[in-house]
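A.B. asks: Here is how the chains run, residue by residue.
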Amino acid sequence: MKAFGGKILFLDRDDINTDEIIPARYLTEVDKQAMAPYLFEDLSLAGFNPPTDISGKAAVVTRTNFGCGSSREHAPWALEVNQIHLVIASGFSRIFRQNMFNCGMLAVQLPPETIDRIFATFAGRDATVRADVVNSKLIFEAAGRNETILFSLTPFDRALIEAGGWVEYADARY
Amino acid sequence: MGKTTAEKIFDAHKVDSPCDGVHVIRLDKVFCHEITTPVAINDLVRRGKDRVFDPDRIKVVIDHVTPAKDSKTAEQGKILRDWARRREIADFFDIGRNGVCHALFPEQGFVRPGETIIMGDSHTCTHGAFGAFAAGVGTTDLEVGILKGVCALEYPRTIKIVLNGRLPAGVFAKDVILAVIAELTVNGATNRVMEFTGEVVDALSMDARMTLCNMAVEAGATCGICYPDATTVAYLWPFIKNEFASPEAAVTAYRRWVSDPDAAYDRVLEMDVSRLVPQITDGYKPDCVKPVSEMTGRPVDQVYIGSCTNGRLEDLRLAADVLKGKTISDSVRGIVSPATPTIYRQALQEGIIQVFMEAGFCVTNPTCGACLGMSNGVLAPGEVCVSTTNRNFNGRMGKGGMVHLASPATAAASALAGHIENSILYRQESR
Numbered sequence: 002m003k004a005f006g007g008k009i010l011f012l013d014r015d016d017i018n019t020d021e022i023i024p025a026r027y028l029t030e031v032d033k034q035a036m037a038p039y040l041f042e043d044l045s046l047a048g049f050n051p052p053t054d055i056s057g058k059a060a061v062v063t064r065t066n067f068g069c070g071s072s073r074e075h076a077p078w079a080l081e082v083n084q085i086h087l088v089i090a091s092g093f094s095r096i097f098r099q100n101m102f103n104c105g106m107l108a109v110q111l112p113p114e115t116i117d118r119i120f121a122t123f124a125g126r127d128a129t130v131r132a133d134v135v136n137s138k139l140i141f142e143a144a145g146r147n148e149t150i151l152f153s154l155t156p157f158d159r160a161l162i163e164a165g166g167w168v169e170y171a172d173a174r175y
Numbered sequence: 029m030g031k032t033t034a035e036k037i038f039d040a041h042k043v044d045s046p047c048d049g050v051h052v053i054r055l056d057k058v059f060c061h062e063i064t065t066p067v068a069i070n071d072l073v074r075r076g077k078d079r080v081f082d083p084d085r086i087k088v089v090i091d092h093v094t095p096a097k098d099s100k101t102a103e104q105g106k107i108l109r110d111w112a113r114r115r116e117i118a119d120f121f122d123i124g125r126n127g128v129c130h131a132l133f134p135e136q137g138f139v140r141p142g143e144t145i146i147m148g149d150s151h152t153c154t155h156g157a158f159g160a161f162a163a164g165v166g167t168t169d170l171e172v173g174i175l176k177g178v179c180a181l182e183y184p185r186t187i188k189i190v191l192n193g194r195l196p197a198g199v200f201a202k203d204v205i206l207a208v209i210a211e212l213t214v215n216g217a218t219n220r221v222m223e224f225t226g227e228v229v230d231a232l233s234m235d236a237r238m239t240l241c242n243m244a245v246e247a248g249a250t251c252g253i254c255y256p257d258a259t260t261v262a263y264l265w266p267f268i269k270n271e272f273a274s275p276e277a278a279v280t281a282y283r284r285w286v287s288d289p290d291a292a293y294d295r296v297l298e299m300d301v302s303r304l305v306p307q308i309t310d311g312y313k314p315d316c317v318k319p320v321s322e323m324t325g326r327p328v329d330q331v332y333i334g335s336c337t338n339g340r341l342e343d344l345r346l347a348a349d350v351l352k353g354k355t356i357s358d359s360v361r362g363i364v365s366p367a368t369p370t371i372y373r374q375a376l377q378e379g380i381i382q383v384f385m386e387a388g389f390c391v392t393n394p395t396c397g398a399c400l401g402m403s404n405g406v407l408a409p410g411e412v413c414v415s416t417t418n419r420n421f422n423g424r425m426g427k428g429g430m431v432h433l434a435s436p437a438t439a440a441a442s443a444l445a446g447h448i449e450n451s452i453l454y455r456q457e458s459r
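Quick note, the sequences are listed as chains A and B, same order.
Adding 1 to a residue's 1-based position in the first sequence gives its number in my numbering.
Adding 28 to a residue's 1-based position in the second sequence gives its number in my numbering.
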């Protein structure tokens, strides 16, 4: 199982699309690692500077409909090769969410008001989050503040994370 | 309680249910192109699983970057080409025979009512126009589809979109779907099926139904679906004539996939299109939609007519009607990409290609080209394109460019004017 958590990259916008996560011009690569420098290169977000803001981050907290648009699995791969295995949002596009679990990564959906609170409490404070997948808990920490939030996963989501992805799971069963 | 089309298809294809609300379904077809499939092939080889579930049910095309533009895209094509040969996949469409996947595969008769289809391409929802359940997936889902012929998906919840009235002259399926997305928003159909029905849909051609279903994913939908009917059967008849005694018999047989009158819906959206005007996007999301009349006069650098949304014969005919005998503005680069070789040949025979060329358009080979800024027709920073494609995301056609999505008629009119403009097809009728 992958490690889920670390320093948080806060992306305060709805509808961050797959072209913004990894632009199509880099889809000529057939190796995941090659995508590492281009994560969020075209992200339209005031004050966001991809190389410096992504550096050292291991989780993303964002708003709703994250990953809308293309089916490209290059989007979660671009996160994966930057050691970001956890995305927390108030909503995901279907394909992006499934791609995350298919790769053995974790996409956690929380109610919008919980996401509001996380932004209010932890954004801009050098915060970290750790996901305890076994107990379905997220533990947020920043200087002088911490909070534990429960999340839910379907047994299928959990099985995919534990199996390391969908290929081995499916080949063993079908 | 009755069932929707999507529920009927799921129930007929169920293999397993790994948890509540998730079904593993048997796939009738797996479609592949050269951008998302080579990584799946490489991974299958690496895992020692270089197999396919059924070479006859896998259809393959090189369409996003063709001819190859550099060594990397040449390698993507080579991986796909070598694999198709190695796994004896007969339906492999390479240069000279290749076209935009969502136009080519229906044209080849690969899509039937009641079927299940996946592809590593979000606009796979296009094929729902035939009453199929067709979903875009990532590379890992594609890999499992290739290997095992199954896919895991949430049991479908459906939004019924009832289109009433009669389309005014100069207003087309593209204007309708832009208006529907504006109503639903880009997140309004996430994880849902969009079922298009009503007298307007009944009267639409298959080309136009594909335009509707193509953009379902722009509202977040898994799939767009139209009911199979006589129009569907007429399109498919060359491919199914040995299966049925008559077209009427085929319509009757396919009717089993039409939603029951008492099926349950997540939401029902009724729209009367009789007063709809031509629509265009303004912004970086497909739900940022306005009437063209509110945008007229904005200068345009490029006009692109093509793609899996509006590169079909009907679209080219429509644009040619606007362009005939005229010349596009000196300040505009006009690009047209017929979506398949068959469309290209037919457009040649009908004199449509000549109209485009005399108007000053560059005619490219069938390819996804400019739509996602991957091969030809990339915008420079600050440039503006009126495009018949489906996505206007920031940087989509090239970093710093702005894409306005519109119908082929609006695109052609804008090319003539040099700025965003309603087509004469609309202005004459609405005086």
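The set of hints was computed from the structure by calculation and includes no laboratory data.
Accuracy of the hints is not assured; some may be wrong.
Unchecked claim - Pair by pair, the computed Cβ-Cβ distance ranges are: (1) A:L46 / B:G30: 20 to 26 angstroms; (2) A:D54 / B:P289: 51 to 57 angstroms; (3) B:D300 / A:G125: 46 to 52 angstroms; (4) B:P327 / A:A121: 38 to 44 angstroms; (5) B:D110 / A:L46: 40 to 46 angstroms; (6) A:R126 / B:I452: 57 to 63 angstroms; (7) B:Q374 / A:R118: 57 to 63 angstroms; (8) B:V50 / A:M2: 39 to 45 angstroms; (9) A:D127 / B:P83: 22 to 28 angstroms; (10) B:R74 / A:R14: 31 to 37 angstroms.
The model shown is predicted, which means the values in this text are computed figures rather than measured ones.
Even for Gly, the Cβ is constructed at its ideal location relative to N, Cα and C.
A.B. asks: Given the hint of 20 to 26 angstroms, is the C-beta distance from L46 (chain A) to G30 (chain B) inside that range or not?
C.D. replies: violated (45 angstroms)
A.B. asks: Starting from the range 57 to 63 angstroms, see whether the pair Q374 (chain B) and R118 (chain A) falls in it by beta-carbon distance.
C.D. replies: holds (59 angstroms)
A.B. asks: Evaluate the given range 40 to 46 angstroms for the C-beta pair formed by D110 (chain B) and L46 (chain A).
C.D. replies: For D110 (chain B) and L46 (chain A) the Cβ distance comes to about 41 angstroms; the hint holds.
A.B. asks: Should the hint that D300 (chain B) and G125 (chain A) are 46 to 52 angstroms apart at their CB atoms be regarded as holding?
C.D. replies: holds (48 angstroms)
A.B. asks: Measuring from beta carbon to beta carbon, are D127 (chain A) and P83 (chain B) in 22 to 28 angstroms?
C.D. replies: Hint violated: Cβ distance 54 angstroms, outside 22 to 28 angstroms.
A.B. asks: Quick one: are D54 (chain A) and P289 (chain B) within 51 to 57 angstroms, going by C-beta?
C.D. replies: holds (53 angstroms)
A.B. asks: For the pair R74 (chain B) and R14 (chain A), does the Cβ-Cβ distance stay inside 31 to 37 angstroms?
C.D. replies: holds (36 angstroms)
A.B. asks: Please check whether R126 (chain A) and I452 (chain B) have a Cβ separation lying inside 57 to 63 angstroms.
C.D. replies: With a Cβ separation near 59 angstroms, R126 (chain A) and I452 (chain B) satisfy 57 to 63 angstroms, so the hint holds.
A.B. asks: Measuring from beta carbon to beta carbon, are P327 (chain B) and A121 (chain A) in 38 to 44 angstroms?
C.D. replies: About 43 angstroms separates the Cβ atoms of P327 (chain B) and A121 (chain A), which means 38 to 44 angstroms holds.
A.B. asks: Is 39 to 45 angstroms right for how far apart the beta carbons of V50 (chain B) and M2 (chain A) are?
C.D. replies: Because 21 angstroms falls outside the window, the suggested range is violated.
In summary, the structure is inconsistent with hints 1, 8 and 9 from the numbered list given earlier, while agreeing with the others.
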